[in-house]
Amino acid sequence: MRITSRLVTPFIQVYGIYVILHGHLSPGGGFSGGAIFGASLILIALSFNLEAGVKQISHQTASILESGGVLGFLLTGLVAIIFGGNYLANQAAGFPIGQAGELFSAGAILIITVFVGIKVASTIVTLFYNIIEGEK
Amino acid sequence: MGFADHFPALIVIVLFFAAFFSPLLFRWAEKFSAPFVTAALAAALVMTVTLLVKVQQTGTVLYHMGGWPPPWGIEFKADPLRLYILLIVISVSLWIFVYAVGDLKHELKKEVIGWYYTLYALLVGSMAGMALTNDLFNLFVLMEICAISACAIISIKEDRECFEASFKYLILSAMGTGCFLLGVAMLYMATGYLNYSLLQVELAEALTLYPRNIFAAAALFIVAFGIKAALFPLHVWLPDAHASAPSSSSAMLSGLVIKIYAFTLFLIFYQVFPRELLEIVPLNEIILWLASLGTMFGSIYAMLQTDLKKMLAYSSIGQIGYIFMGIGFNQDLALVGSFYHIMVHAVTKAMLFMVAGVIIYSTGVRQIKDLAGIGRVLPITMLAFTIGSASMIGIPGTGGLISKWYLALGALEIGRPFFVLVILASSLLNAIYYMPIVVNAFMHQEDFKFKAKPVPRFMLVSLVIGMIFIVISGIFSKPVITLLEKSITVLF
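Chains Z and F are the protein sequences, given in the same order.
Here the first sequence is numbered in the working numbering, starting from 148 and rising by one per residue.
Here the second sequence is numbered in the working numbering, starting from 36 and rising by one per residue.
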């Protein structure tokens, strides 16, 4: 169990990051990628023990990231207002759009999916910690 | 575009920003946390007022998220009626928040207070969004946020009763949102739009093509908002939820959350459904009868209660009946009455729950029979209770009279004097359960049996603000009534 999870975890995490970053090109995005990434952290805590999981990402860090993810999303929207578009405006606010199909394209959407990914991954971890600690 | 053009979106965003920033502040700089949320609410209030002034001068403001016009993007709409509701939501929640900051220290564990601010700001933000949005799916998302944060501010007290009550609320309101989503799907199936204004145009045509879809959607909406707003037979979750929550949450839930759903149903009736639908199916008639039953039974149940907060919660079921009556009459004067009642009842019921909170904080008493003689120990608190109950009954000089007066005028206008009797009878029923408490509090022979702690000054200040507002709303009702009449007659 431990060996398998030690082997598998980096792949899961890379896959999670891939799904987040490719959100605007292929199915997936912040939510699914974040869930995959968060699951990998839970896997560590499950297969070793809670302490090993906490060493990766502590409860405090997770809940700070959780707020940070949403704030990042909201601020990205506000940036659009500062640059003269409507709230959450993308091209109109001057985000670089790039070539369709390339990784760094679609302007604000990429930034937003990253924040959503952070939010979802940390939320899943926080939820898990809360449930585990609630039983003590 | 100037900065002020973004106010419709910014009102909601400021509140959501406060929601997620306050736990960080609570962790690192605890004493700035509450002032920060207060500042966010105040900023939202200032923006709402500015927007209201602007809308009255230049007409309705539309705001497209991300610059995408409907049917692609989400549209926010700011017309006088929505801003009126938004103003009530934000000012009342600012007022309750000032009270809550002090009261929560006694009612909650210290570590969860930061999260309480989060939930509170989320709740206000989602209600502000519900008042502004012009898109059914966006409305659904905001309803979910509102329902979940409302459940959480009940269960945050972490005792058995609260868990049970909020679980019941969670299940029932999930059924409500389920019904709503199904209804939205039906309308989308028939028309392909989610935007209110586009739907209204398109539905008039679709009504002949897909009548069943639209009838089903109408039925589902009535059930969904009936559950959410505690319309009479669907009210079962309300008493437990509102009675067991911390007092500031009860004030919030009873004062604002149920009303915002009544308002949304109103919007759907008058800004989504075409006039023909209301003529073919007696939707208004159904709502009218349920509302009338609600006003009677809410009061009758309230009479049977022995717990003060339970009684106030049942009284809310009766009062929400008046608000629905306006929709039921389908007549402009009655609607003016019910919109006025949204404001009056939001303030009055929030204040009465604050009174209950003060009584519980100071003496620990919850039972109505133990309140005898309390007026001599807590005079200002019980004076607030007296004025609040006067407004609930509709005694001249309080805001409650004005709303009932306009409802009764509306009933006479469409030639249904029977409902004037219903309004009168339910007012009498209100008097039957509010008056004995007042009389007992001040006139009881023996002294109050329990020890009373002194009440902190900010709690009393909140109560005094409420009292002053209720009296003012009873005497100087003209400007608000004019605003409402102007914006409601447009719909007919």
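Please keep in mind that the hints were generated in silico from the structure rather than gathered at the bench.
Hints may be right or wrong, so weigh each one.
Claimed, not checked - Straight-line Cα separation of at most 30 Å, DSSO-like style, residue types lysine-lysine; simulated pairs:
no., chain 1, residue 1, chain 2, residue 2
1, F, 192, F, 144
2, Z, 202, F, 513
3, F, 484, F, 89
4, Z, 202, F, 484
5, F, 345, F, 513
6, F, 144, F, 484
Against the structure, the hints:
1. F:192 - F:144: 8 Å, holds
2. Z:202 - F:513: At roughly 64 Å apart (the allowed maximum being 30 Å), residue 513 (chain F) and residue 202 (chain Z) break the hint.
3. F:484 - F:89: 55 Å, violated
4. Z:202 - F:484: 56 Å, violated
5. F:345 - F:513: Not OK: residue 345 (chain F) and residue 513 (chain F) at ~34 Å, beyond 30 Å, violated.
6. F:144 - F:484: Holds - the C-alpha atoms of residue 484 (chain F) and residue 144 (chain F) are around 29 Å apart, at most 30 Å.
In summary, the structure is inconsistent with hints 2, 3, 4 and 5 from the numbered list given earlier, while agreeing with the others.
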